[in-house]
Amino acid sequence: MKNIYLVCIAFLLVVHKPFAQTSQTQNITAVLGAFDEEVRILQESLKDKKEQKVEGIRFVTGILNGRKVVVAETGIGKINAALTTSLLIHTFHPKEIVFTGIAGGVNPDLMPGDIVIAQSIAYHDFSTILHNREPSRQTRNPITKELNPEYFPADSVLLLKAQKASRTARFEKIALTNRAPQVVVGRIVTGDIFVSSSEKVQQLRRDFNAEATEMEGAAVAQVCWQLKVPCLVIRSLSDKADENARGDMMTFYKTAAKNSAALVTEIAGLIK
Numbered sequence: 001m002k003n004i005y006l007v008c009i010a011f012l013l014v015v016h017k018p019f020a021q022t023s024q025t026q027n028i029t030a031v032l033g034a035f036d037e038e039v040r041i042l043q044e045s046l047k048d049k050k051e052q053k054v055e056g057i058r059f060v061t062g063i064l065n066g067r068k069v070v071v072a073e074t075g076i077g078k079i080n081a082a083l084t085t086s087l088l089i090h091t092f093h094p095k096e097i098v099f100t101g102i103a104g105g106v107n108p109d110l111m112p113g114d115i116v117i118a119q120s121i122a123y124h125d126f127s128t129i130l131h132n133r134e135p136s137r138q139t140r141n142p143i144t145k146e147l148n149p150e151y152f153p154a155d156s157v158l159l160l161k162a163q164k165a166s167r168t169a170r171f172e173k174i175a176l177t178n179r180a181p182q183v184v185v186g187r188i189v190t191g192d193i194f195v196s197s198s199e200k201v202q203q204l205r206r207d208f209n210a211e212a213t214e215m216e217g218a219a220v221a222q223v224c225w226q227l228k229v230p231c232l233v234i235r236s237l238s239d240k241a242d243e244n245a246r247g248d249m250m251t252f253y254k255t256a257a258k259n260s261a262a263l264v265t266e267i268a269g270l271i272k
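Residue numbers (UniProt numbering): 1 to 272.
Please note: incorrect hints may appear among the correct ones.
List time: in silico DSBU-like cross-link candidates among lysine-lysine, alpha-carbon distance up to 35 Å [claimed, not checked]:
no.	residue 1	residue 2
1	Lys272	Lys47
2	Lys53	Lys228
3	Lys254	Lys145
4	Lys228	Lys164
5	Lys254	Lys49
6	Lys50	Lys272
7	Lys228	Lys47
8	Lys254	Lys164
9	Lys228	Lys200
10	Lys254	Lys50
11	Lys50	Lys68
12	Lys161	Lys68
13	Lys68	Lys254
14	Lys258	Lys47
15	Lys145	Lys258
16	Lys161	Lys173
17	Lys200	Lys68
18	Lys272	Lys161
19	Lys145	Lys53
20	Lys228	Lys272
21	Lys47	Lys254
22	Lys145	Lys161
23	Lys164	Lys49
24	Lys49	Lys228
25	Lys68	Lys49
26	Lys68	Lys272
27	Lys200	Lys50
28	Lys173	Lys68
29	Lys53	Lys272
30	Lys161	Lys47
31	Lys200	Lys161
32	Lys47	Lys200
33	Lys272	Lys173
34	Lys161	Lys49
35	Lys228	Lys161
Per label pair, the in silico range of CB-to-CB distance [said to hold, decoys possible]:
no.	residue 1	residue 2	range
36	Gln24	Asn178	46 to 54 Å
37	Asp48	Glu199	32 to 40 Å
38	Thr251	Glu199	19 to 27 Å
39	Lys47	Glu146	40 to 48 Å
Note that these hints are calculated values from the structure, not bench results.
Glycine included, every Cβ here is placed at the ideal spot set by N, Cα and C.
Make a model of the complete structure from these sequences and hints.
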């Protein structure tokens, strides 16, 4: 019942408070991550930390590399991500939102530890039938009834800052190869499934030209799109989403989380 209650709250916030944040925007940057490790590194780096709980979700505010931020863990999956994002926007009215964390690689040229900055992001597990009986991957805005874009674009300003930050951030070298992570800009796809199949990876690469796959980013991007909040998704690869994905994730998870956090910290220093 608690989960249903929270999901209802998120839905009501999105439907009945559609553009409240645009007139109340605070000069604060929100940073979200799905896993504890992804947000713990950032929370431990904050100065002047203060904690606040909203419907049981822990939000920590503070100063990160000179920028006022609020950091929170969403939990795994699209609904959890949408819920936390909605509560965050309603409570803190952030100027922008950055989602950070790990992902599975889809581009065969990328290795665990490499970073993908999402120029666009989409659902790979959503499909509906439009009035003309044509299938579509587009979600629909419950407020305006208009179709959302199939690929949610990154905020152009945040994207440029992320690219600039990637050139100066201090990344941890990747174990085994002992090389610095490669940073690419491209498409990320989201679905409520942990991908661990070479066949599925090939399909995602073929159908979406994706660089990486994860389980939260598009949900965050959709909420931000509908509520007109600038958004950027950054992912550091923990595996290649193939049959070895679970083992690789355990091996590279901490390095991936550190590198993603390093890039977010550098971006924070560029936001005024």
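Against the structure, the hints:
Distance restraint check for Lys272 and Lys47: the Cα-Cα separation of roughly 17 Å lies within the 35 Å cut-off, and the hinted pair is therefore satisfied. This hinted pair checks out: Lys53 and Lys228 have alpha carbons roughly 24 Å apart, not beyond 35 Å. With a C-alpha separation of about 41 Å, the suggested pairing of Lys254 with Lys145 is violated against the 35 Å cut-off. Proximity of Lys228 to Lys164 is assessed by CA-CA distance (about 24 Å); at most 35 Å being required, the pair is judged to hold.
At roughly 23 Å between alpha-carbon atoms, Lys254 and Lys49 fall within 35 Å of each other, so this suggested pair holds. For the proposed pair Lys50 and Lys272, the alpha carbon gap of about 21 Å is at most 35 Å, so the pair holds. Using a Cα cut-off of 35 Å, the hinted pair Lys228 and Lys47 holds, with the two alpha carbons roughly 29 Å apart. Our distance criterion of 35 Å between C-alpha atoms is met by Lys254 and Lys164, whose separation comes to about 24 Å.
A hinted pair counts as satisfied when its Cα atoms are at most 35 Å apart, and Lys228 with Lys200 qualifies at roughly 33 Å. Restraint check: the Cα-Cα separation between Lys254 and Lys50 comes to about 25 Å, which is no more than 35 Å; the hinted pair holds. Proximity of Lys50 to Lys68 is assessed by CA-CA distance (about 11 Å); at most 35 Å being required, the pair is judged to hold. Taking the CA atoms of Lys161 and Lys68, the gap is near 16 Å; set against the 35 Å cutoff, the hint holds.
With a C-alpha separation of about 25 Å, the suggested pairing of Lys68 with Lys254 holds against the 35 Å cut-off. For the proposed pair Lys258 and Lys47, the alpha carbon gap of about 18 Å is at most 35 Å, so the pair holds. Note on Lys145 and Lys258: the hinted pairing is violated, with a Cα-Cα distance of about 40 Å set against a maximum of 35 Å. Between Lys161 and Lys173 the CA atoms are separated by roughly 22 Å; this keeps the pair inside 35 Å, and the hint holds.
Between Lys200 and Lys68 the CA atoms are separated by roughly 40 Å; this puts the pair beyond 35 Å, and the hint is violated. Using a Cα cut-off of 35 Å, the hinted pair Lys272 and Lys161 holds, with the two alpha carbons roughly 11 Å apart. A threshold of 35 Å between alpha carbons decides the hint, and for Lys145 with Lys53 the separation of about 32 Å falls inside it, so the pair holds. Proposed proximity of Lys228 and Lys272 is supported: the alpha carbons are some 19 Å apart, at most 35 Å.
Taking the CA atoms of Lys47 and Lys254, the gap is about 22 Å. The hint holds against a cut of 35 Å. Restraint check for Lys145 and Lys161: the C-alpha separation of about 33 Å stays at or below 35 Å, so the hint holds. As the CA atoms of Lys164 and Lys49 are separated by approximately 27 Å, the hinted pair is consistent with the 35 Å bound. Of the supplied pair hints, the one linking Lys49 and Lys228 holds, its CA atoms being roughly 27 Å apart against a limit of 35 Å.
Restraint check for Lys68 and Lys49: satisfied, since their Cα atoms lie roughly 10 Å apart, inside the 35 Å limit. Straight-line distance between C-alpha atoms of Lys68 and Lys272 comes to about 9 Å, which keeps the hinted pair within the 35 Å bound. Between Lys200 and Lys50, the direct Cα distance comes to roughly 42 Å. Violation of the 35 Å bound is thereby established for this hinted pair. Restraint check for Lys173 and Lys68: the C-alpha separation of about 28 Å stays at or below 35 Å, so the hint holds.
For the hint pairing Lys53 with Lys272, the CA-to-CA distance comes to about 26 Å; that is within 35 Å, so the pair holds. Note on Lys161 and Lys47: the hinted pairing holds, with a Cα-Cα distance of about 22 Å set against a maximum of 35 Å. With a C-alpha separation of about 32 Å, the suggested pair Lys200 and Lys161 falls inside the 35 Å cut-off, and the hint holds. For the hint pairing Lys47 with Lys200, the CA-to-CA distance comes to about 42 Å; that exceeds 35 Å, so the pair is violated.
A C-alpha spacing of about 30 Å is found between Lys272 and Lys173, which places the hinted pair at or below 35 Å, so the restraint holds. Between the alpha carbons of Lys161 and Lys49 the distance comes to roughly 25 Å, so the proposed pair stays at or under 35 Å and holds. A hinted pair counts as satisfied when its Cα atoms are at most 35 Å apart, and Lys228 with Lys161 qualifies at roughly 19 Å. Distance hint check for Gln24 and Asn178: the Cβ-Cβ separation is about 48 Å, which falls inside the suggested range of 46 to 54 Å.
Distance hint check: the CB atoms of Asp48 and Glu199 are about 49 Å apart, inconsistent with the given range 32 to 40 Å. For Thr251 and Glu199, the hinted distance range of 19 to 27 Å is satisfied, since their beta carbons lie about 23 Å from each other. At about 42 Å, the CB distance of Lys47 to Glu146 agrees with the hint of 40 to 48 Å.
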